[in-house]
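Enquirer: Protein sequence lines, in the order shown, are assigned to chains C and W.
Using my numbering, the letters of the first sequence map in sequence onto residues 1 to 181.
Using my numbering, the letters of the second sequence map in sequence onto residues 1 to 214.
Don't read these hints as lab results, they were simulated from the structure.
A portion of the hints provided could be inaccurate.
Claimed, not checked - What follows is a set of in silico ranges between Cβ atoms, one per label pair, in the way DEER data are often shown:
hint, chain 1, residue 1, chain 2, residue 2, range
1, W, Ser-58, C, Ala-159, 32 to 42 Å
2, W, Gly-137, C, Arg-162, 16 to 26 Å
3, C, Thr-34, W, Thr-187, 34 to 44 Å
4, W, Ser-40, C, Thr-34, 36 to 46 Å
5, W, Ser-58, C, Thr-111, 47 to 57 Å
6, W, Gly-137, C, Ala-177, 12 to 22 Å
7, C, Thr-39, W, Thr-180, 16 to 26 Å
8, W, Gln-114, C, Gly-122, 46 to 56 Å
9, C, Ser-181, W, Ser-86, 19 to 29 Å
10, C, Ala-177, W, Thr-184, 14 to 24 Å
11, C, Thr-109, W, Ala-115, 36 to 46 Å
12, C, Thr-121, W, Pro-49, 20 to 30 Å
What the hints assert, rightly or not - The calculated lysine-lysine pairs, modelled on DSS-like cross-linking and capped at a C-alpha distance of 30 Å, are:
hint, chain 1, residue 1, chain 2, residue 2
13, W, Lys-141, C, Lys-179
14, W, Lys-42, W, Lys-110
15, W, Lys-68, W, Lys-110
16, W, Lys-42, W, Lys-68
17, C, Lys-179, W, Lys-110
18, W, Lys-42, C, Lys-179
19, W, Lys-141, W, Lys-42
In this text, all values refer to a predicted model and were calculated from it rather than measured experimentally.
Don't be surprised by glycine CBs; every beta carbon is placed ideally from N, CA and C.
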Amino acid sequence: MITLTKTLGKVLMSLILSFAMVTSACDASLIAATNTTPTVSTGTLSAVVVAAAATSNTKTLYSIPSTTATIGDFESLVNFGTIPLASETITVTKLTGIQSGTVTLSYCTGTWTESTGVCSTGATTLLTVAAGTASLTASVALAMAPGATWRLRLLDTAAGRRVQISVNVTTSVDVNATKNS
Amino acid sequence: MLYPFLLCLAGSLGISLVASSADASLIAQATNRTTQSIASGKIALTASPDGSSAGWSSSIANMSPGDKQYRYVDFTQGTGGATSPSLRITDSTPTLLSTDASRGIILTIKSCTQAWTYTIGSSTIGTCGGTSTTLLGDSLKNLLTANSFAINTAPNTTTYLQIEFQIDLIDSESVTDGQTPVVTPTTAPSILGLTATLQFAVTETQRVALTDNR
Numbered sequence: 001m002i003t004l005t006k007t008l009g010k011v012l013m014s015l016i017l018s019f020a021m022v023t024s025a026c027d028a029s030l031i032a033a034t035n036t037t038p039t040v041s042t043g044t045l046s047a048v049v050v051a052a053a054a055t056s057n058t059k060t061l062y063s064i065p066s067t068t069a070t071i072g073d074f075e076s077l078v079n080f081g082t083i084p085l086a087s088e089t090i091t092v093t094k095l096t097g098i099q100s101g102t103v104t105l106s107y108c109t110g111t112w113t114e115s116t117g118v119c120s121t122g123a124t125t126l127l128t129v130a131a132g133t134a135s136l137t138a139s140v141a142l143a144m145a146p147g148a149t150w151r152l153r154l155l156d157t158a159a160g161r162r163v164q165i166s167v168n169v170t171t172s173v174d175v176n177a178t179k180n181s
Numbered sequence: 001m002l003y004p005f006l007l008c009l010a011g012s013l014g015i016s017l018v019a020s021s022a023d024a025s026l027i028a029q030a031t032n033r034t035t036q037s038i039a040s041g042k043i044a045l046t047a048s049p050d051g052s053s054a055g056w057s058s059s060i061a062n063m064s065p066g067d068k069q070y071r072y073v074d075f076t077q078g079t080g081g082a083t084s085p086s087l088r089i090t091d092s093t094p095t096l097l098s099t100d101a102s103r104g105i106i107l108t109i110k111s112c113t114q115a116w117t118y119t120i121g122s123s124t125i126g127t128c129g130g131t132s133t134t135l136l137g138d139s140l141k142n143l144l145t146a147n148s149f150a151i152n153t154a155p156n157t158t159t160y161l162q163i164e165f166q167i168d169l170i171d172s173e174s175v176t177d178g179q180t181p182v183v184t185p186t187t188a189p190s191i192l193g194l195t196a197t198l199q200f201a202v203t204e205t206q207r208v209a210l211t212d213n214r
């Protein structure tokens with residue numbers, strides 16, 4: 001009984017000493033500065049061709065039945081991502097009637113009058129799919145901030161066929177930012 | 001009749017003797033004319049955004065591989081000296097940004113002996129007009145342990161820090177018509193659309209006790 005009491009006493013003293021040492025160590029150091037937690041996030045890439053009224057990323061390939069050869073069909077190239085874009089790769093594919101007529105995709109740096117197809121500064125051709133060619137891919141340099149839209153015109157000399165427009169963007173050609181803030 | 005008189009006389013003489021003894025002592029006292037104050041130092045370290053910088057508490061959104069973002073933070077010591085400062089970074093929402101040493105965030109922290117010169121919103125990297133030292137430079141993954149952090153620990157000094165957040169363009173990621181990103185040439189997961197929630201904690205220890213003769 002006496003031995004047990006002595007042993008317990010030693011253990012208790014040992015615990016007290018250990019606690020005191022830990023306490024002293026804590027007092028001597030200081031977690032001196034911390035920040036309120038910031039987040040560092042990567043953005044998203046998403047450029048899509050959508051119908052005029054679309055306001056969200058449909059995640060589907062855009063295809064249209066081309067209508068007239070004089071005015072063309074207008075659609076929107078929208079940056080639904082959060083990373084600014086410097087260039088895109090656009091592919092136009094004739095889904096039917098490959099042999100006949102040409103399909104031209106253009107944009108306007110001025111003002112499109114979509115009812116007549118007239119661009120105030122003259123339309124700029126992005127690519128032309130020739131007769132006998134099923135599809136054509138071209139790299140275009142349309143600067144697009146997040147949420148920005150370019151109105152494109154698809155002009156088809158053989159009205160009535162179905163045409164598909166696809167757009168691809170990569171991280172290697174986005175707008176890299178170096179910024180102090 | 002004579003006895004009381006003698007007794008009274010003896011008492012009077014005794015009092016006189018005691019009084020004479022008290023008059024003979026001298027209290028000589030020397031004091032410092034200016035009071036001496038003894039103050040304990042205060043081990044304290046404060047971090048605050050430098051100038052107009054948002055500091056390291058501000059979030060960084062929409063980074064893209066190749067981007068560099070800079071923040072400027074000042075560390076000021078208290079009146080007590082310190083030693084052995086260390087920095088521990090934690091990510092409470094780990095993703096590739098903090099678990100992949102090559103694709104994730106790269107942190108570089110440089111000190112300057114004077115305030116950094118920079119323009120908010122500018123793409124021109126801030127410059128140090130004094131002496132610049134790289135304190136840390138590694139992937140966030142490798143920095144998620146306590147790291148020696150050589151800021152100035154002398155009392156009442158300030159260390160001016162430039163913190164660079166960078167994501168390297170290791171893989172090309174391609175997105176077609178808003179679909180899921182495709183990573184080329186590897187089959188690694190996309191680095192896009194991820195978030196790291198970072199906390200920086202700087203810990204330092206009370207300086208070594210001094211013995212001083214003045």
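Enquirer: Against this structure, judge whether each hint is valid.
Expert: Checked hints:
Between Ser-58(W) and Ala-159(C), the C-beta spacing of about 54 Å breaks the proposed range 32 to 42 Å. Evaluation of the 16 to 26 Å hint for Gly-137(W) and Arg-162(C) yields a failure: the beta carbon distance comes to about 55 Å. Separated by about 38 Å at the C-beta atoms, Thr-34(C) and Thr-187(W) satisfy the suggested range of 34 to 44 Å. In this structure, Ser-40(W) and Thr-34(C) break the distance hint of 36 to 46 Å, their C-beta atoms being roughly 24 Å apart.
Checked against the hint of 47 to 57 Å, the pair Ser-58(W) and Thr-111(C) fails, with Cβ atoms roughly 39 Å apart. A hinted range of 12 to 22 Å holds for the C-beta pair Gly-137(W) and Ala-177(C), which are about 20 Å apart. Taking 16 to 26 Å as the suggested C-beta distance range, the pair Thr-39(C) and Thr-180(W) conforms, at roughly 23 Å. Separation of Gln-114(W) from Gly-122(C) is about 55 Å and conforms to the stated range, judged on CB atoms against 46 to 56 Å.
The beta-carbon spacing between Ser-181(C) and Ser-86(W), approximately 27 Å, falls within the hinted interval of 19 to 29 Å. The given range of 14 to 24 Å is respected by Ala-177(C) and Thr-184(W), whose C-beta atoms sit roughly 22 Å from each other. Separated by about 44 Å at the C-beta atoms, Thr-109(C) and Ala-115(W) satisfy the suggested range of 36 to 46 Å. At about 45 Å, the CB distance of Thr-121(C) to Pro-49(W) disagrees with the hint of 20 to 30 Å.
Our distance criterion of 30 Å between C-alpha atoms is met by Lys-141(W) and Lys-179(C), whose separation comes to about 23 Å. For a cut-off of 30 Å, the pair hint linking Lys-42(W) to Lys-110(W) stands: about 26 Å separates their Cα positions. With a C-alpha separation of about 14 Å, the suggested pair Lys-68(W) and Lys-110(W) falls inside the 30 Å cut-off, and the hint holds. Distance check on the hinted pair: Lys-42(W) and Lys-68(W) sit about 37 Å apart at the alpha-carbon level, beyond 30 Å; violated.
Between Lys-179(C) and Lys-110(W), the direct Cα distance comes to roughly 16 Å. Compliance with the 30 Å bound is thereby established for this hinted pair. At roughly 37 Å between alpha-carbon atoms, Lys-42(W) and Lys-179(C) are farther apart than 30 Å, so this suggested pair is violated. Pair hint Lys-141(W) plus Lys-42(W) does not hold up; C-alpha atoms about 34 Å apart against a cutoff of 30 Å.
When the structure is compared with the earlier hints, violations turn up for hints 1, 2, 4, 5, 12, 16, 18, 19 and for no others.
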